[in-house]
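Asker: Residues per chain, in single letters:
There are 2 protein chains.
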Amino acid sequence: MNNFSLIKTSGPARAGELVTAHGVIPTPVFMPVGSQATVKTLTPDEIKALGARLILSNTYHLYLRPGVEVIKKLGGLHRFMGWDGAILTDSGGYQVFSLSALSKVTDEGVTFRSHIDGSPHFITPEMVVDLQEELGSDVAMVLDEPSASDAPLSQVRQAMERTHRWAERSLVSHKRANQQLFAIVQGGFSPELRRQSAEFLASLDFPGYALGGLSLGEPKELTWETARQMLQYLPKDKPRYLMGVGSPEDVVEAVGLGIDMMDCVLPTRVARNGALFTRKGRINIDNAVFRAVESPIESGCDCYTCAHFSPAYVSHLFRAQELLAYRLTTIHNLRFMVRLMDDIRKAILDGSFDSFRKDFLSGYQTTDESVRLEQKQKWIKARKPEID
Amino acid sequence: MNNFSLIKTSGPARAGELVTAHGVIPTPVFMPVGSQATVKTLTPDEIKALGARLILSNTYHLYLRPGVEVIKKLGGLHRFMGWDGAILTDSGGYQVFSLSALSKVTDEGVTFRSHIDGSPHFITPEMVVDLQEELGSDVAMVLDEPSASDAPLSQVRQAMERTHRWAERSLVSHKRANQQLFAIVQGGFSPELRRQSAEFLASLDFPGYALGGLSLGEPKELTWETARQMLQYLPKDKPRYLMGVGSPEDVVEAVGLGIDMMDCVLPTRVARNGALFTRKGRINIDNAVFRAVESPIESGCDCYTCAHFSPAYVSHLFRAQELLAYRLTTIHNLRFMVRLMDDIRKAILDGSFDSFRKDFLSGYQTTDESVRLEQKQKWIKARKPEID
Numbered sequence: 001m002n003n004f005s006l007i008k009t010s011g012p013a014r015a016g017e018l019v020t021a022h023g024v025i026p027t028p029v030f031m032p033v034g035s036q037a038t039v040k041t042l043t044p045d046e047i048k049a050l051g052a053r054l055i056l057s058n059t060y061h062l063y064l065r066p067g068v069e070v071i072k073k074l075g076g077l078h079r080f081m082g083w084d085g086a087i088l089t090d091s092g093g094y095q096v097f098s099l100s101a102l103s104k105v106t107d108e109g110v111t112f113r114s115h116i117d118g119s120p121h122f123i124t125p126e127m128v129v130d131l132q133e134e135l136g137s138d139v140a141m142v143l144d145e146p147s148a149s150d151a152p153l154s155q156v157r158q159a160m161e162r163t164h165r166w167a168e169r170s171l172v173s174h175k176r177a178n179q180q181l182f183a184i185v186q187g188g189f190s191p192e193l194r195r196q197s198a199e200f201l202a203s204l205d206f207p208g209y210a211l212g213g214l215s216l217g218e219p220k221e222l223t224w225e226t227a228r229q230m231l232q233y234l235p236k237d238k239p240r241y242l243m244g245v246g247s248p249e250d251v252v253e254a255v256g257l258g259i260d261m262m263d264c265v266l267p268t269r270v271a272r273n274g275a276l277f278t279r280k281g282r283i284n285i286d287n288a289v290f291r292a293v294e295s296p297i298e299s300g301c302d303c304y305t306c307a308h309f310s311p312a313y314v315s316h317l318f319r320a321q322e323l324l325a326y327r328l329t330t331i332h333n334l335r336f337m338v339r340l341m342d343d344i345r346k347a348i349l350d351g352s353f354d355s356f357r358k359d360f361l362s363g364y365q366t367t368d369e370s371v372r373l374e375q376k377q378k379w380i381k382a383r384k385p386e387i388d
Numbered sequence: 001m002n003n004f005s006l007i008k009t010s011g012p013a014r015a016g017e018l019v020t021a022h023g024v025i026p027t028p029v030f031m032p033v034g035s036q037a038t039v040k041t042l043t044p045d046e047i048k049a050l051g052a053r054l055i056l057s058n059t060y061h062l063y064l065r066p067g068v069e070v071i072k073k074l075g076g077l078h079r080f081m082g083w084d085g086a087i088l089t090d091s092g093g094y095q096v097f098s099l100s101a102l103s104k105v106t107d108e109g110v111t112f113r114s115h116i117d118g119s120p121h122f123i124t125p126e127m128v129v130d131l132q133e134e135l136g137s138d139v140a141m142v143l144d145e146p147s148a149s150d151a152p153l154s155q156v157r158q159a160m161e162r163t164h165r166w167a168e169r170s171l172v173s174h175k176r177a178n179q180q181l182f183a184i185v186q187g188g189f190s191p192e193l194r195r196q197s198a199e200f201l202a203s204l205d206f207p208g209y210a211l212g213g214l215s216l217g218e219p220k221e222l223t224w225e226t227a228r229q230m231l232q233y234l235p236k237d238k239p240r241y242l243m244g245v246g247s248p249e250d251v252v253e254a255v256g257l258g259i260d261m262m263d264c265v266l267p268t269r270v271a272r273n274g275a276l277f278t279r280k281g282r283i284n285i286d287n288a289v290f291r292a293v294e295s296p297i298e299s300g301c302d303c304y305t306c307a308h309f310s311p312a313y314v315s316h317l318f319r320a321q322e323l324l325a326y327r328l329t330t331i332h333n334l335r336f337m338v339r340l341m342d343d344i345r346k347a348i349l350d351g352s353f354d355s356f357r358k359d360f361l362s363g364y365q366t367t368d369e370s371v372r373l374e375q376k377q378k379w380i381k382a383r384k385p386e387i388d
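Residue numbers (the working numbering), protein chains in the order written: chain A, 1 to 388; chain B, 1 to 388.
The reader is advised that the hints may include incorrect statements.
In silico DMTMM-like links for lysine to aspartate or glutamate, alpha-carbon gap of 20 angstroms or less [claimed, not checked]:
| id | chain 1 | residue 1 | chain 2 | residue 2 |
| --- | --- | --- | --- | --- |
| 1 | A | K72 | B | E294 |
| 2 | A | K48 | B | E294 |
| 3 | B | K72 | A | E294 |
Facing chain B, a subset of chain A residues (Cβ under 7 angstroms, in silico) [unchecked claim]:
| id | residue |
| --- | --- |
| 4 | T38 |
| 5 | R65 |
| 6 | P66 |
| 7 | K72 |
| 8 | K73 |
| 9 | L74 |
| 10 | G76 |
| 11 | G82 |
| 12 | S119 |
| 13 | E294 |
| 14 | S295 |
| 15 | F309 |
| 16 | S310 |
| 17 | H316 |
In short, the hints are calculated from the structure, not lab data. Here the structure is a predicted model, which means the values were calculated and not measured. Note that CB positions come from ideal geometry on N, CA and C, so glycine has one too.
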């Protein structure tokens, strides 16, 4: 059975369906992030009510805590967290290299220390496949070796080639019938390496392909140009997943290149900092201007938060550091993303995506790039255990 | 119209009904605390779903943030926080004296500095009545002057007499028809002063009476003995509210004395520290023994948390410091309190409260008093802005 159907294109933009063991997911899709088996602050009921049907969790985090054996004993990840929608598990490749200390890579696998308690661990690509089979996610990702954005070309090539060997081993190792295993294209910012990586992995005939190593702080133009190059070498009949994107504006851009799937902590993380999405850009709910505002932040928003509470109340909760604040803003931003993806998909099905894209971007005040970079750098530096 | 009906007694224990503008409340009742216009972590839908119908909020907190004028502009406290059940607002007397800096008391009123920003404020008993009328709570409390548990008798007497003069002025000042104003009995731990205070305030014919200045760290025997003395001087046909109680065991004891209403931050605060109530005592969900436990913490618990999630999952969320953890434990403890009050009321209606009390207390492992005192002292010392 095909796991993916391409239904309609509008320029490079694609509308399709991803078939999983826990439902058919209309694409393009934005996946809320629940690294530690919870989309931060929300119950599964709330995630479902806001319209998300596919969420992302993280093998690295779950392997370290509570341990995959615990989740397996409790009936798998869906049952453990009470979520009957679909789940994609990231392999944790990025986390092993970015969060943990003293990682050492050989062809066999990676040695690293836990960011939680410093305990030593060794994982192989086969083990990462096994772990995801035990978690029982609907989509699993291969273990890859990302390279730093400023790494010399020889290192990027070496990491890419290892990523390829690991992808082959992962595919051989993978057994679970109701789970799809996606490959991850690497190759840094070298067009030649990206082509090699995409072509090689395409030849292995994975059921889906992710674009790794992007949106890590490089200029946006470079992100889009690199993604565009890669996509031309990937099979048209397979889902394409851009990891780590994005903001509302980036999601629109990515779909415009032909991306089908995305995930990012941004909507939920900025929500917990009080930034709410509107079609005109972000607003900061803890700002004093909202102190006595009764009318909704954006007319027409049907999220639980906007339907039940005034901006004045949410603003009060935020300034009082009440935990309910973080729930309410998270719900708003995720519902915003779901509605945005719905509108994007309708535009593709109408054949009018390009004008949708132009209208959206011309009306949307993007957050200053330097502010975003500074926030990202701070976060990377702090290496917070609270990763999503 | 009578605001309170006494339906049945079982020894000193009383089953009744408190009639408010937002519903009839079966008593005895435990009120969840939502000092800052939010029962920490929960939406009004969740509070309603777990069966609470009367919650407590706090005039001092709301006066300082967001400001009563903001709440009034937004349509009153019920509408501001989206809660259509009943609300009792505490006057903030206790908070003015315990949380704020530099409080100075005269007969006219109290001068204090905000614990949030140090700004100076002056309030009178009349202003506190006005503020609660503007908030639109169902039950309002008079401004009182508590005294420290180690204050000399002359000071306790002086504070009590001022509390009495303030109660008279509050009653004269109160105008709002659909709001009940309760008096607060003071008098420290002197049986003679407590008698004087109860008798004097009873003579003013308030629609309800609170027992103030108790459960502040004194030995439990002293709490119960002082409450017992006071209750004999209070009218039997009026609701009696013991402020700041309690834990499951204390609630059972208080009802046994003839108390109708109680509030306490304990069930919600200890929930956020991972302590879950069971009929056998508290358990700590972050304990490693729960790491892989699937069967519910207590069979028969019908709370949302126990119905949807394993102890293993809640334990994982706690250890990972995920915000969902604090919601789930809060729901469990408040549902526990609601069910406990339901069972208590049934026992009173059956005339079997005394044996219920004995059974409950003999099966319940109380938390060590020294641990509780230490926690309370720490908290008082820290004067956390997060008061509930």
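Asker: Does each hint fit the structure? Answer for all of them.
Answerer: The hints, checked one at a time:
1. A:K72 with B:E294: holds (12 angstroms)
2. A:K48 with B:E294: violated (23 angstroms)
3. B:K72 with A:E294: holds (12 angstroms)
4. T38: Nearest chain B Cβ about 5 angstroms off; hint holds.
5. R65: At 6 angstroms from the nearest chain B Cβ, R65 (chain A) passes the 7 angstroms test, so the hint holds.
6. P66: holds (4 angstroms)
7. K72: violated (10 angstroms)
8. K73: Holds, about 5 angstroms.
9. L74: holds (5 angstroms)
10. G76: Violated - the Cβ of G76 (chain A) stays beyond 7 angstroms from chain B, reaching only about 12 angstroms at its closest.
11. G82: Holds, because the Cβ-Cβ distance from G82 (chain A) to chain B comes to roughly 5 angstroms (cut-off 7 angstroms).
12. S119: violated (15 angstroms)
13. E294: holds (6 angstroms)
14. S295: Check failed: Cβ of S295 (chain A) comes no nearer than 11 angstroms to chain B, outside 7 angstroms.
15. F309: Holds, about 6 angstroms.
16. S310: Result: holds, 6 angstroms to nearest chain B Cβ.
17. H316: With a minimum Cβ separation of about 4 angstroms from chain B (threshold 7 angstroms), the hint on H316 (chain A) holds.
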